[in-house]
Every structure is written in C-alpha cells, then in structure tokens.
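Guided by the hints, dock chain B onto chain A, whose structure is given.
Protein chains in written order, with the working numbering: chain A, 2 to 115; chain B, 181 to 297.
Calculated from the structure, these hints are not laboratory results. Fair warning: this is a prediction, and the values are worked out from it, not measured in the lab. Backbone N, C-alpha and C define an ideal beta-carbon position, used for all residues, glycine too. Hints may be right or wrong, so weigh each one.
Simulated restraints on C-beta separations [unchecked claim]:
#1 A:Leu70 x B:Ser251: 41 to 49 Å
#2 B:Val204 x A:Glu53: 48 to 56 Å
#3 A:Leu70 x B:Phe227: 26 to 34 Å
#4 B:Asn238 x A:Pro9: 38 to 46 Å
#5 B:Phe227 x A:Pro9: 20 to 28 Å
#6 B:Phe227 x A:Thr8: 39 to 47 Å
#7 B:Val193 x A:Lys72: 39 to 47 Å
#8 A:Gly52 x B:Val265: 33 to 41 Å
#9 A:Asp39 x B:Asp198: 29 to 37 Å
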Amino acid sequence: NAGVTQTPKFRVLKTGQSMTLLCAQDMNHEYMYWYRQDPGMGLRLIHYSVGEGTTAKGEVPDGYNVSRLKKQNFLLGLESAAPSQTSVYFCASSRLAGGWDIQYFGAGTRLSVL
Amino acid sequence: AQKVTQAQTEISVVEKEDVTLDCVYETRDTTYYLFWYKQPPSGELVFLIRRNSFDEQNEISGRYSWNFQKSTSSFNFTITASQVVDSAVYFCALSEVRYNQGGKLIFGQGTELSVKP
Chain A
2 NAGVTQTPKF RVLKTGQSMT LLCAQDMNHE YMYWYRQDPG MGLRLIHYSV
52 GEGTTAKGEV PDGYNVSRLK KQNFLLGLES AAPSQTSVYF CASSRLAGGW
102 DIQYFGAGTR LSVL
Chain B
181 AQKVTQAQTE ISVVEKEDVT LDCVYETRDT TYYLFWYKQP PSGELVFLIR
231 RNSFDEQNEI SGRYSWNFQK STSSFNFTIT ASQVVDSAVY FCALSEVRYN
281 QGGKLIFGQG TELSVKP
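Pulled out of the complex, with its shape left as it was, chain A reads as follows:
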C-alpha cells in the first residue's frame, strides 16, 4: 500500500545545479500537486496537474518546472538551484478536483542548496 512515493528523500545541491524530484502515486488519482514547506509558513503550492499531460502554476511557481507525462508520475524540476529553494518539498494527489477531495501526501524531500 505505497500511496504517494517521493524520491529522493534528501538531497544537497550547490547553487546553479539542477535536479528533478520524482513523485509517483499508485492510487490512480487524476490530480497531483507539488508544495514546499518553509518554517513558519505552512505549505505553499508550487504547481499542480489536473491530468496526464497538463500542468498549471500555483502560488510560488518561479524557479520550478513540472511535467506529467504519465498519470502516475509528477516530476518537479529545478533548472538552476538557488539557496532560496532550500525547503522540504511535498507531493500530493487526489482522486477528484474541485477542492473538496482529500489530498494524500508523500513523505517529503528535504533539499538543501548551498
């Protein structure tokens, strides 16, 4: 019963490096989300996807790109990492959209950019 799986769990980058965070869900959910969690700020939505092949910007999209080539996977990319992107990243998925459905979260990826 995996649910939402995020890889890697931890990563350290140098400023300017790139990386991709992978999110995989096995619940056949249509909707997927990427959030970042910063101290004292709760979680903020970066990008989301309402279905395979579609993505949309959330509250804090700058510096990130996403892709949803397969329904079960949602990738978050950092092309040129900056220290301000040091954060904990969470992926979530939900069966339905509209805001009323429960979002199920992965365990998070802790990223440090030096």
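Here is chain B on its own, set in the frame of chain A:
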C-alpha cells in the same frame, strides 16, 4: 483572499491534559472545505478530518474533536487526554472549490504540539 491563521506556534502540555489548537480562516466563498493534517516527527502529512462549509456539526473521533463555527470563522481542534504520540505539527487548511480544477489547499502556519510524559 483566502487565508488561514494558526496563532499558536508552539504548545507544550503534560500527558493527559486536554489541549485545543486554534484555527481561524478568511474566505469570500460561501462554499469551501476545511481540513486538519498531522505531521509527526517522521515528516509525512496525515489527513485527520475534512469539513464542508454547510456542515457545522461538531465531530468527535476518539480523543479528537473538532468545533466548526462559521460565525467566528473558526475550526478548532481539541485533543482530550493527550498522549506523547500526539506530539506533532498540526496544520489547518482551507480549500477553494473550483470545479474541474486542482483543489488548492491554503495552509496555516502550523502549531507544534509537544506532549511531555
């Protein structure tokens, strides 16, 4: 604009004490959903409860209870007879209702609860 405020940054209690976590929200929507999530030290977010704006009935689940009051825009969470395993960060969240769009969750800042033996 939608906003969720959890004014209590940290709370520390002794085991078996009751504790209430406050959540105040702002929205212009008449239809919305409220959620509570728990983030234990292991880091994952665990769903606790969902409540829609038309249902003001309080809910009890074991030692957990929730009080939703539209008149004060509050959705408070009470843990009765707290236990060490309740130690976690608790998030309150508000969701817009946007048909056929991703459901954006607006989170509060979180309240870190520490239950000491």
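Here's how the hints hold up against the structure:
no.: 1; hint: A:Leu70 x B:Ser251: 41 to 49 Å; in the structure: holds, 47 Å
no.: 2; hint: B:Val204 x A:Glu53: 48 to 56 Å; in the structure: violated, 38 Å
no.: 3; hint: A:Leu70 x B:Phe227: 26 to 34 Å; in the structure: holds, 27 Å
no.: 4; hint: B:Asn238 x A:Pro9: 38 to 46 Å; in the structure: holds, 42 Å
no.: 5; hint: B:Phe227 x A:Pro9: 20 to 28 Å; in the structure: holds, 24 Å
no.: 6; hint: B:Phe227 x A:Thr8: 39 to 47 Å; in the structure: violated, 22 Å
no.: 7; hint: B:Val193 x A:Lys72: 39 to 47 Å; in the structure: holds, 44 Å
no.: 8; hint: A:Gly52 x B:Val265: 33 to 41 Å; in the structure: holds, 38 Å
no.: 9; hint: A:Asp39 x B:Asp198: 29 to 37 Å; in the structure: holds, 31 Å
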